[in-house]
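Each chain is listed here by its residues.
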Amino acid sequence: MKHTTGNPQVFLLAACLLLAFCSGCSSRRIKNVTLRPFGFNDSGLKVITAWSNDRPGIMCTLYGNEAAWKYSTTAAAKHQAGELFRLVTYMQQDHVLWYGSKINGALQQVETISFTGNGGQPVVYSRVYGEAAQTGGTSRVQDTLARIGYITGQPAAVFP
Amino acid sequence: MKLFKRKKLLLVCMVVASAAALTASFIPATVPSPPVTGDIRIDTAVKRLLVRACYDCHSNETRLSWFDKLPLVSRLVTKDVTEARQHLNFSSWDSLGVADQKAALWEIYNMMDAGRMPLPAYAALHPKAKISASDLAMFRLYLDKIKAAPPDDTAKNSQILPVLQAAGNANLPAAPNGIRHMPEYRNWQVMSTTSRFDNGTMRVMYANPVAIQAIKQGGIHPWPDGAVIVKVVWQKTLDSEGNTRPGKLVNIQYMVRDAQRFKDTEGWGFARFDAPSLKPYGTVLTTQQCISCHRAVEQTGFVFDLPVQ
Numbered sequence: 001m002k003h004t005t006g007n008p009q010v011f012l013l014a015a016c017l018l019l020a021f022c023s024g025c026s027s028r029r030i031k032n033v034t035l036r037p038f039g040f041n042d043s044g045l046k047v048i049t050a051w052s053n054d055r056p057g058i059m060c061t062l063y064g065n066e067a068a069w070k071y072s073t074t075a076a077a078k079h080q081a082g083e084l085f086r087l088v089t090y091m092q093q094d095h096v097l098w099y100g101s102k103i104n105g106a107l108q109q110v111e112t113i114s115f116t117g118n119g120g121q122p123v124v125y126s127r128v129y130g131e132a133a134q135t136g137g138t139s140r141v142q143d144t145l146a147r148i149g150y151i152t153g154q155p156a157a158v159f160p
Numbered sequence: 161m162k163l164f165k166r167k168k169l170l171l172v173c174m175v176v177a178s179a180a181a182l183t184a185s186f187i188p189a190t191v192p193s194p195p196v197t198g199d200i201r202i203d204t205a206v207k208r209l210l211v212r213a214c215y216d217c218h219s220n221e222t223r224l225s226w227f228d229k230l231p232l233v234s235r236l237v238t239k240d241v242t243e244a245r246q247h248l249n250f251s252s253w254d255s256l257g258v259a260d261q262k263a264a265l266w267e268i269y270n271m272m273d274a275g276r277m278p279l280p281a282y283a284a285l286h287p288k289a290k291i292s293a294s295d296l297a298m299f300r301l302y303l304d305k306i307k308a309a310p311p312d313d314t315a316k317n318s319q320i321l322p323v324l325q326a327a328g329n330a331n332l333p334a335a336p337n338g339i340r341h342m343p344e345y346r347n348w349q350v351m352s353t354t355s356r357f358d359n360g361t362m363r364v365m366y367a368n369p370v371a372i373q374a375i376k377q378g379g380i381h382p383w384p385d386g387a388v389i390v391k392v393v394w395q396k397t398l399d400s401e402g403n404t405r406p407g408k409l410v411n412i413q414y415m416v417r418d419a420q421r422f423k424d425t426e427g428w429g430f431a432r433f434d435a436p437s438l439k440p441y442g443t444v445l446t447t448q449q450c451i452s453c454h455r456a457v458e459q460t461g462f463v464f465d466l467p468v469q
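Read top to bottom, the protein sequences are chains L and R.
Just so we're aligned: 67 in the numbering used here is position 67 of the first sequence, and the numbers increase by one with no gaps anywhere.
Take any residue in the second sequence, count from 1 to its spot, add 160: that is its number in the numbering used here.
Hints were generated in silico from the structure; no laboratory data involved.
For clarity, every value in this text was computed on a predicted model and none was experimentally measured.
Just so you know, even glycine gets a beta-carbon here, dropped at the ideal spot from N, CA and C.
Heads up, a few of these hints could be off.
[Stated by the list, open to error] Chain L stretches covered by chain R per the calculated footprint, using a threshold of three residues with CB under 8 Å from any CB of chain R:
#1 34–41
#2 49–63
#3 98–111
#4 144–152
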């Protein structure tokens, strides 16, 4: 008489083989990513604060040297000679590896403000754009007082 | 002669023990079915997806296929289900706080999106559990509805900074695994910045010189020992111009690379210090939770926040 229930061990063996086969051909989605080269080297400057804006789709990081950092964290009344602020603006992009987050993308521009005299004047302001930001090109902007005030007036974030 | 008898007795004992172990292994294990105490209440379509793809392992309503009940296989299945329920159990979803429930949903989505969950071998044997692009799109639409709204100004910067600066190196907080807070991170290079709409936080990520060098040279498979990545996390604030800014400090998080010391967590040690006092978070076991999520990004050496093209 032919057995119709089969040997459990045969089932077991078949299941193991099936598991091994299917594991090998499963459709796991691995996202291949290419790291973005650093567009900006902060050269030892400290982060004062950072912000983003979804309307133009940008992410900004404001850096400063020790003097600028001190100005921002103590809310000093007047600027001092030697303060250097640098605002780095990136395009914002979706975070490929975590849905639920935006991350900085391509470098858009770097603005630098240097205070060369006590009391807030005179200042040097420069702005470089996009690829130029990586090569060191500069372009002077004349009407910049409001921009300088905006950048240097940013309150510092708390860094533990 | 006595020696021969002893050896014979020992041999018999070994044979009996082996036979008993072998027999026991062929007795199917049973997945326990504790009561459902607080099932997840969620959008119907999302619930259907979770039931189809996750419930067999991540709930008390496990439905086994015939081959899951086979001897040996059933033991593996029982072990997997037990571990899965410990990590996340939809049958006791109510035991999670609201914030943790939301965080879990985003994690579930991202694990699915990364192809980590359901486990590839499980999905291969249980085709109903496979996740399609339309499943992900539907889930994403739901998440977009529950994403965090930026709170009003929550910045309370006044007394925190001086207190933290006053602490000497000897008093720096240390996590249960020994990782200490490293204030020198402020002089490290920024690796990336992120703005999270899943939980309403924003972050600045720093990398120490070892980590930066590894990134620049493409040497992150694996990351070198000594690499450290720091993440400072704030609640978001939103101003009238649409700028999202750092508000209240939430915590600072660390990933420290030491392949030998942290071999159980892919070579990374994790630590978190909660504001305002930088209280170390979790236990030595917390790092297992960390790496279980970070395993979704094996392609970047288990680091999420690297800017990519």
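We went through each hint and held it up to the structure:
Counting residues of the segment 34–41 of chain L whose C-beta lies closer than 8 Å to any C-beta of chain R gives 6; at least three are required, and the coverage claim holds. Only when three residues or more bring their CB closer than 8 Å to a CB of chain R does the claim for the segment 49–63 of chain L stand; here the count is 9, and the claim holds. With 8 residues having a beta carbon nearer than 8 Å to a beta carbon of chain R, the segment 98–111 of chain L meets the requirement of three or more and the stated coverage holds. Counting residues of the segment 144–152 of chain L whose CB lies closer than 8 Å to any CB of chain R gives 0, which falls below the minimum of 3, so the coverage claim is violated.
When each numbered hint is compared with the structure, a violation occurs for hint 4 only.
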